[in-house]
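Engineer: Chains as they are written, first to last, in my numbering: chain A, 1 to 224; chain B, 1001 to 1178.
Read the hints as simulated data drawn from the structure, not as lab findings.
Just so you know, not all the hints are guaranteed correct.
To be verified - Examples of chain A residues lying across from chain B (beta carbon under 10 Å, computed):
{"no.": "1", "residue": "Met1"}
{"no.": "2", "residue": "Gln72"}
{"no.": "3", "residue": "Arg76"}
{"no.": "4", "residue": "Leu83"}
{"no.": "5", "residue": "Leu216"}
{"no.": "6", "residue": "Val220"}
In this text, a Cβ means the ideal position worked out from N, Cα and C, and glycines have one as well.
Each chain, letter by letter, is given below.
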Amino acid sequence: MTLWAATRANLIKDLRLEWRSKDALNATGFFSLLVVVIFSFSFEPTAEEARRIAGGLIWVAFLFAAIIALNQTWARELRHHVLDGYRLSPAPASALFLGKALGNFIFVAAVEAITAPLFIIFYNLRAVGDASLLILVFLFGTWALVVNGTFFAALSIRTRNREVMLPLLLFPISVPAVLAMVQATTFILTGDDSPLLWIKLLIGYDVIFTTAGLLLFPTVLNAE
Amino acid sequence: MSVLLGENGAGKSTLMRIACGLAQPSSGSVTLHGTLGYMAHATMLYDELTGMENLSYFAQLYGLTDSACIAAISAVGLDPALARHVRDYSQGMRQRLSLARAILNEPEILLLDEPFSNVDIASTSQMAKLLGELRDRGKTLLVITHQPAALSKVADEYIVLREGRITERSRTLTEVWA
């Protein structure tokens, strides 16, 4: 059983389960829309101010929305002890982690794809810098959130207050990534500076935490 | 086929989880000579998937094809083409599908924890017959049950566990109950 084959099996299974239940998509999508609407009522910035604060607002909204999706990611594996079934199989443990992280990436990215245009409309945003770089920031930023979130959600799976535990573990370790996402987004929107340094930092962060997650996940999965 | 008996809390399920590698023993070790299949109290199945989708997922993890799933589902007397999600199955059907998942990879050793719980008499007898056939094909079976009479025709020995220790061992059920 190769890593890729098992990852694919896990990803397809997660997409199928989410398509049928829509647990993560509904909760995350609704939450993101609420945040956008509430922010739009709370602030009435000028075009220049909007460009300066939008990066922070949008990533805070996505971070909290991602938490909702991530908190549910392992719940269905605990129901009826399906996780034990996986542990008994010869499939590599890291394939489960990778499949889940990819699934979460798709769910959160789908919500972002719906919410981001609304954010642009509500705040009348127009990028002064190279707007195409925003795609890179969103791809690497979203992966940074879900790869750590998937790992820490697994770590807190057997704790009593796992829904509280996940943000407590995830937020501090996500600070460098969130800082890079916000700064890169703000620089692209305002055109004040080059966002490349922050994008490179984000890529480095992704590589480090993806590798760490893949290496450490087997221990987390088999911990009693 | 060995049937493991004992009161609640005697350590039967814990013993099985240790044998599977799902729990660590406080002392000692377990050596298995063969591939393992495990049917637990919980079904280890996804409610939102059909029986075939559930088994197909596990088959991929074992590097098996869908033909293995069809064979396993048919062996337990279910229809592989059944489009119903597992959440809509009766308890007896779930138990049978759980058994199908356990025998999917044709294991040499089969550990079954309460395979007959909440199963009607007809299904129990059908499952017991299947377990007997597996034994006749050379499989080693260890079954935990509170209904040992259901296995009286196919079991080779009965083991009684009390407080984590074997206290009785017999080839007949009447000797153990005596």
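Engineer: Work down the list of hints and note, for each, if the structure agrees.
Structural biologist: Hints and how they fare:
no., hint, verdict
1, Met1, "holds, 5 Å"
2, Gln72, "violated, 13 Å"
3, Arg76, "holds, 7 Å"
4, Leu83, "holds, 8 Å"
5, Leu216, "violated, 19 Å"
6, Val220, "violated, 15 Å"
Consistency with the previously given hints fails for numbers 2, 5, 6, ordered from lowest to highest.
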